[in-house]
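Turn these sequences into a full structure, and let the hints guide you.
The primary structure of each chain is shown beneath.
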Amino acid sequence: MSEPVSYKGHVGTTSAEFRESVTAGRIAAFCKAVGARDRGVAPPTFMTIGRAGEFEILEKLGFPLKRILHAEQAYTYGEPLRAGDELYYTTTLTQVLEKRGGSGGMIFFVMETTFEISRGGGDRLQAGMAKTNLLVRLAAGEA
Amino acid sequence: MSHVTNTTLKAGEVIEFRAFPAVTREQLKAYAEASGDFNPIHQDEEVAKAMGLPGIIAHGMLTSAMIAERAMAFAHGGGEGEGKLPEGKLIAFQSRFKSMTFLGDVISIGGTVKAVKDEEIVIDLQARNQKGEVTTTGEARFSLS
Chain A
13 MSEPVSYKGH VGTTSAEFRE SVTAGRIAAF CKAVGARDRG VAPPTFMTIG
63 RAGEFEILEK LGFPLKRILH AEQAYTYGEP LRAGDELYYT TTLTQVLEKR
113 GGSGGMIFFV METTFEISRG GGDRLQAGMA KTNLLVRLAA GEA
Chain B
2 MSHVTNTTLK AGEVIEFRAF PAVTREQLKA YAEASGDFNP IHQDEEVAKA
52 MGLPGIIAHG MLTSAMIAER AMAFAHGGGE GEGKLPEGKL IAFQSRFKSM
102 TFLGDVISIG GTVKAVKDEE IVIDLQARNQ KGEVTTTGEA RFSLS
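Residue numbers (this note's numbering), protein chains in the order written: chain A, 13 to 155; chain B, 2 to 146.
Rather than coming from a laboratory, the hints here were simulated on the basis of the structure.
Worth double-checking, as some hints may not be accurate.
[Stated by the list, open to error] Dumping the calculated EDC-like pairs for lysine to aspartate or glutamate here, alpha-carbon to alpha-carbon at most 20 Å:
| hint | chain 1 | residue 1 | chain 2 | residue 2 |
| --- | --- | --- | --- | --- |
| 1 | B | Lys50 | A | Glu154 |
| 2 | A | Lys78 | B | Asp45 |
| 3 | B | Lys118 | B | Glu14 |
| 4 | A | Lys143 | A | Glu124 |
[Stated by the list, open to error] Sample of chain A residues with no beta-carbon within 12 Å of chain B, all distances over it, derived:
| hint | residue |
| --- | --- |
| 5 | Arg131 |
| 6 | Gly134 |
| 7 | Asp135 |
Heads up, the beta-carbon is just placed ideally off N, CA and C, and yes, glycines get one too.
As structure tokens, this is what we get:
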């Protein structure tokens, strides 16, 4: 049997910077889909619209979206997102945990994303951070 | 008057469980479009099974959003919300995904006030399915300063 591939060497990988436009329509659609009241600012987990960096890093490591499960998600908040804001974000792979066994195993990828907003053309404001723990299940014999 | 926490909340206070509507295929499609998470395990039965799942599962972040809504209703009110912390600013929110949610599952969310400090309130929440299994846990921190 060949040695399993370790992904720990990829810790530190950083995504491109991505941008999303926060609009009243997107906030309303998000609230409707999750059964939340629209309180004028984006709801607490709305920053999940900014996950392209996570997906980019995992895709490059050979794990397409369909293989990704979610283990944990944590946010800290700065300026709340409002309609009209432009949201900018960058993601870094900060930790890899590999748990392998005879019947396969799991790899946990921990990523941190920093969010900034541009509002009305001024300096960027800190909107918060996301810490995401994503899980890939390995089949028996899969590297 | 000294500036102490102007809340009557106490650690241990119960946040009653409230049910969200049953999870549907249409909801997962709407959530995928609203969130940008088009992972096919939340839309396509065949892909979900090929990935070793029993069937289509709901986005974990959908439950997380429901927990966040329960926290915001408790703190800021609106509709049937309690509005116990109208001035509280949400400073942190986290979710841990314990088990999967399937189509038709009815998720109820409630919990307790975990800690009341001078300038910070922490609440713990759980999402349970119709069998009473905890699918997801959540914690919300509100600043009162």
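Run the structure past the numbered hints and jot down the numbers of the failing ones, going up.
none
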